[in-house]
Amino acid sequence: MARIIVDDVFCKGCGLCVAACPKGVLALDQERITPKGYHPAKQVKDGCIACSSCYLTCPDVAITVVK
Amino acid sequence: MAKPNAGTITLPEYQQERIGSQIAADETIKSARPHVLTDVVTNYCPGCTHGIVNRLVAECIDELGIEGKTVGIAPVGCSVMMYNFFNCDMIEAAHGRAPAVATGVKRVHPENVVFAYQGDGDLASIGTAETVHAATRGEKITVIFINNAIYGMTGGQMAPTSLPNQVTQTSPYGRDVSKVGYPVRIAELLSTLDGVAYVERVTCDSRKHIMDAKKAIKKAFQNQIDGVGYSLVEVVATCPTNWGMTPQDAFQWLRENMLPYYPLGVYKDVVADGFATAAEAALERAKDCPIAQQKKED
Amino acid sequence: MPVFAPSTVQEMADLIYDAFDIADEYRTPTMILADGMIGQMMEPVLLPPERDLSSLPAKPWATSGSKMERKHNVINSLYLSPNELENTNYERFERYKQIIEKHQRQELMMCDDAEIVVVAFGAASRIARTAVRDARAKGIKAGLLRPITLWPYPTKAIDELCENGARAFLSVELNMGQMVQDVRLAVNGRATVDFYGRTGGVLPTPEEVLEAIETVAAGDPVVQSSEVGAVGSILPHPKHRKSTYERGE
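Residue numbers (this note's numbering), protein chains in the order written: chain A, 1 to 67; chain B, 68 to 365; chain C, 366 to 614.
There could be a bad hint or two in this list.
Below, a list of computed lysine-lysine pairs in the DSS-like style, where the Cα atoms sit at most 25 Å apart [stated by the list, open to error]:
#: 1; chain 1: B; residue 1: Lys275; chain 2: A; residue 2: Lys42
#: 2; chain 1: A; residue 1: Lys67; chain 2: B; residue 2: Lys275
#: 3; chain 1: B; residue 1: Lys97; chain 2: A; residue 2: Lys67
#: 4; chain 1: B; residue 1: Lys136; chain 2: B; residue 2: Lys282
By construction, these hints were calculated from the structure, which means they are not laboratory data.
Okay, chain A solo, but in the shape it has when bound:
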């Protein structure tokens, strides 16, 4: 199943991936903070198509796309 993994060490919660996802499966996780104090991105529902749009726009290369 296509999905993404966000590496908390790098994610700065900028939200570009959330806006870029054509399927709207990403959101910033308001329940957690990263070691640097940001709300990291997270896949919050199924429907990822591994298009890598999130990976492409992520300035911190925090995302790994698997399928």
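We have chain A already, so just place chains B and C on it with the hints.
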């Protein structure tokens, strides 16, 4: 030492420990952090275009398999710390002098792939002389130029690339072109020089544009490997912090204001024009000049 | 070239006006030598009142257009005749002599009976000021000489201090000894000259500067005044913790 990806995509070693366990044995990685990037969190603001372009450069280095012979020249500006983000040899140049440093490195070690990465203050303000002269000398280097219409690192002052009426720290009522003149379009400027083989202006505001930007950067590196001539990619970029916007709004502002002023596109491409090198194109351009046509005695 | 060393933000503002007037009067470039700390500091500032431009000295040499009312003016620096060039140099140095005579500037604190004079400019002087007060509280006859012009160097002030019984000068700087040679030249062997410096943007505490003053007061300085230049302070280099921004962190 991490090996570049060849075929199968793998996580860099440092990430293997951190998130490797989250990937099941039957899953394949479609996109992962390039191996030439170090395990260092960048100093860029959240949503900064620098991060995207750093990654595109890293992907090109990985895919071309040139990490071992790449030498990158970092500028002064927000990307000054770039030497901490890349696993290849890196030099920090004085403000604006990256093309001069790159010239030195490339001429002494022509087998290396040498790239300079600069912002608009570095390349188009204090470094204008170095930029123009490295280009017109036809140094066989690759230059990545990040144009975000502002001086980012120093807190958002007006840059030579700031747009008319744009509000910055040093143009608090908007850039008054009658007093301080007009922005400079670097891609157009350099495209007039014979030493230049390839100039393209790209941006990173959408999936398609990011992929086009990567192609341009790859071509700029490939040109160096093929000995074609000086190649520059100008990336129209955002500075959310100093523009005072969210990263998403910043890209919107970029689309509405910067792209009409700095149009995307190829401004020079000698290979597309049918020449093997910039030198060939220059010879053709000077076909009516007898002295320029003289063949050198070997 | 006159060089001014502000130590507060107010001084940065005031010295610009003074530097301009000197530049205007003597037709010489002037420099404001602030540092990164003072340049990025925020302090309250009262700006001087505006002045009428007609209050500035007349400039008969200026190339503002002869209006056919005078012989044309030429501003150049090229003199092909060596004799002419030598004469011009001598004229320039006469001008510099005037500036040295009239425009040395400094601040003295607790120097009337000082035996040990701490010499410091800019940000270093702010720290040294506290250290000198602390030294006095401990019974050490310390004083502060704060050069405000680094050129012309306040040699007259140093002459007076030497004549009044100063036996030791301690140059406290945020560098590896850029000013200590000026102090040595001015002191000219009449007292010992020592150096306490920190660099890299590390600011010593008043306690650390006080320790340097106490070392000088004990009469056992490590760097002797016969050496020119100062690499190595009078106190051993402290061990710092490693930079937190390291690769892979």
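Status of each hint after checking the structure:
Distance check on the hinted pair: B:Lys275 and A:Lys42 sit about 23 Å apart at the alpha-carbon level, within 25 Å; holds. Note on A:Lys67 and B:Lys275: the hinted pairing holds, with a Cα-Cα distance of about 22 Å set against a maximum of 25 Å. A C-alpha spacing of about 7 Å is found between B:Lys97 and A:Lys67, which places the hinted pair at or below 25 Å, so the restraint holds. This hinted pair checks out: B:Lys136 and B:Lys282 have alpha carbons roughly 21 Å apart, not beyond 25 Å.
No hint from the list above goes unmet by this structure.
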